[in-house]
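These protein sequence lines are chains A and B, in that order.
Numbering that gives the first Met the number 0 applies: residue 0 is where the first sequence begins, and numbers increase by one.
Numbering that gives the first Met the number 0 applies: residue 0 is where the second sequence begins, and numbers increase by one.
Heads up, a few of these hints could be off.
Claimed, not checked - Some, not all, of what chain B presents toward chain A, calculated at C-beta under 8 Å:
no.	residue
1	ARG26
2	ASP30
3	ILE51
4	ASP94
5	ASN97
6	TRP108
7	TYR123
8	LEU209
9	GLU320
10	CYS322
11	ARG324
No lab work stands behind these hints, which were simulated from the structure alone.
Ideal Cβ placement from N, Cα and C applies to all residues, glycine included.
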Amino acid sequence: MNGHVLACAQVFTETPTRLVRRVLGSSLAEALTTPHGVERYLEIVRPAFSLRDVRAEIVAVRRATDRSVTLTLRPNANWQGFRAGQFVRLSVEVNGVRRTRCYSPASSAHTQDLVELTAHAEPSGEVSPFLRASARPGMVVSLSPAEGDFVLPEKRPRAVLLVSGGSGITPVMSLLRTLCEEGHDGPIGFLHYARDEADVVYADELRALAARHPNVQLRYGFDLHGRFGREHVRAAGIDPAEAETYACGPTRLLDAVRTMWADHGLEERLRVEQFTAPAPAVPADAETATGSVQFARSGRAAENDGATLLEQAEAAGLTPQSGCRMGICHTCSCRKVEGAVRDIRTGEISTAPDELIQICVTTPAGDVTLDI
Amino acid sequence: MSTSSPPQLTPEQLDAFGRELDAIRERVIADLGERDAAYIRRVITTQRALEIGGRGLLLLSILPPAWLAGTAALSLSKILDNMEIGHNVMHGQYDWMNDPDVNGHSFEWDSACPSEQWRHSHNYMHHTHTNILGKDRDIGYGVLRMSEDQRWHPYYLGNPVYAVLLALFFQWGVALHDLEVEKLNTGKARWSDKREMVEAIWRKGRRQALKDYALFPLLSGPSAPFAFTGNLTANAVRNVWAFMIIFCGHFPEGTHEFTEEETEGETRGAWYHRQLLGSANLTGGQIFHIMSGNLSHQIEHHLFPDLPAHRYAELAVEVREICERYGLPYNAGSLPRQFGSVVKKIVKLALPGGGGDDEQPAVEPTPLPRRPRAKRREAVAA
């Protein structure tokens, strides 16, 4: 009896939001809204609301350089925060199609309600040019939980070197802002490579941080002679042997850092984050069947023999659903994780990652990974 | 069904016909984008608003105006959910959007039929074997005699009655469709094989019934019995409307059936040809098309089942033109006319024989030449 009274009292002392979420997530609410579910109705009035998914509303948009856009997002209640240096997968609808790309928050990890992302518009990209051109406050995007291990250890290292180039500035910006907010007093070197200062998204913020925190040494590659090397690191005021180093940027820069650190036996003190654009796989020519087919979920694989993916899956011992086997009924449609495929009806090649395809009418054009 | 053989094309003509339709399909696919995404979102938002409004009004349905308005809104909501949204989304028409809300495999509709079974019996079986006697179970749905080539049995004297019952309880008829009860009755299939399907139908049907006939009425306090009748009526309205539209798809005067023999080794062009000749359109305004789930464009839907249905109206112009050039019929008529011919057929086929040799099939724009009747195939068992 006492337990029952306590439970009732608890319901009334819970905050209104938690109570509302409990009601919305209850089995009664589900039974009333079956089969679509509560969220499909609430979305009409509150697009960013969800009981489980992380969604965020864009609250501010800033175009600091001619190639970038900085978004301030307010995530919904399902957001669990992030550790400085991690990334999120952002999903947004571009011309009717939902696309997902990885971005690293650039804000301090201690900022609770808002997350700042910066996208650099890749000319051949689909999402970044869209965001640069069309992002506006009020838009709602989806976020994954934060992931990645490009992070600071719990016990902060005394000296930190942050090396970045181009769009790689975002995670190290988060590392820098987080350390500064914590009142870190050890030396921090911030070495950034860009075309010129006008091309640096966070030029103003960096100048302000360096002015406010004397332990932060800011150096731009375009102010220094030559390429990344010992001289540049020295200019940032850091001894690599005494510091934890974080590097993020184009492949050539990262290779240079990795090589130099390896030469000095300092691999253990270096963490690298590589941004890879979803590179379209080079499609093989129509005549020869090359590459292999990976069936990710069942852990099987097979050499591509040119047959349709449905036939190759069946030959590999799988039993995917199928129907008409001529591309009408969509029974066989499943997710292609990555790779290039050819539609045998039209000859068209598709290389987009994370795409639904009808496997009865597609053949591999190179390596393909299917989610079956 | 037609009393004359379908117009024949040479294999070369069929190939050319098929290529022209393929070209239309590819063009539309390349064009899909913002416009189509925005359209389906608008329809979905409208449906959900109607549902919330309807259910809300029915909470106060002890007041007759609230009952009327609530039932009307809920009827419209169920019709949209079933037809323009459910049927079309499940065809994969919006899979290209990569949005889990409108994904053909995961969408579940507000109807007793489990979506998985609908996708099997409709997307796969019906659309692949359209109007092939013995393979397309939509010919009669296992309960009606809709073809003179279905062997007559005294059971079919009740054809009109079964049709009325099927119409009123259509969502349950559809729910049981994939079970193939007629095969279970004749021993061609075993109940033990169907256990999972039966359980799925039970689960879905129970959830739907609980929602419409128990939970919402109970929530309505004094309006309980009125909410109950309101929900019952909304389901019946949706059932009858869907029945009418669907039965106008392949049964009006002038539609053709095919045998398994003549469709063996069918080329792509021949597949398109059969889809065209087996289907019939309904003429009407834009609202009518939307409320019919664009099944008023049954021909375009059967030619292009996985293109977003709202595009069919504009494609119809091109399809008609192609049909004219190839001398093929394009069966289109008003709802009263097409459904009238379906009703006539249901009544006629209640009696033995039932084919109308002296009837001119009414098709437009190209009238069919009168040709001797094709040899009757062995009658299909009920």
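Now the hints, each set against the structure:
no.	hint	verdict
1	ARG26	violated (11 Å)
2	ASP30	violated (10 Å)
3	ILE51	holds (6 Å)
4	ASP94	holds (5 Å)
5	ASN97	holds (4 Å)
6	TRP108	holds (7 Å)
7	TYR123	holds (3 Å)
8	LEU209	holds (6 Å)
9	GLU320	violated (23 Å)
10	CYS322	violated (20 Å)
11	ARG324	violated (23 Å)
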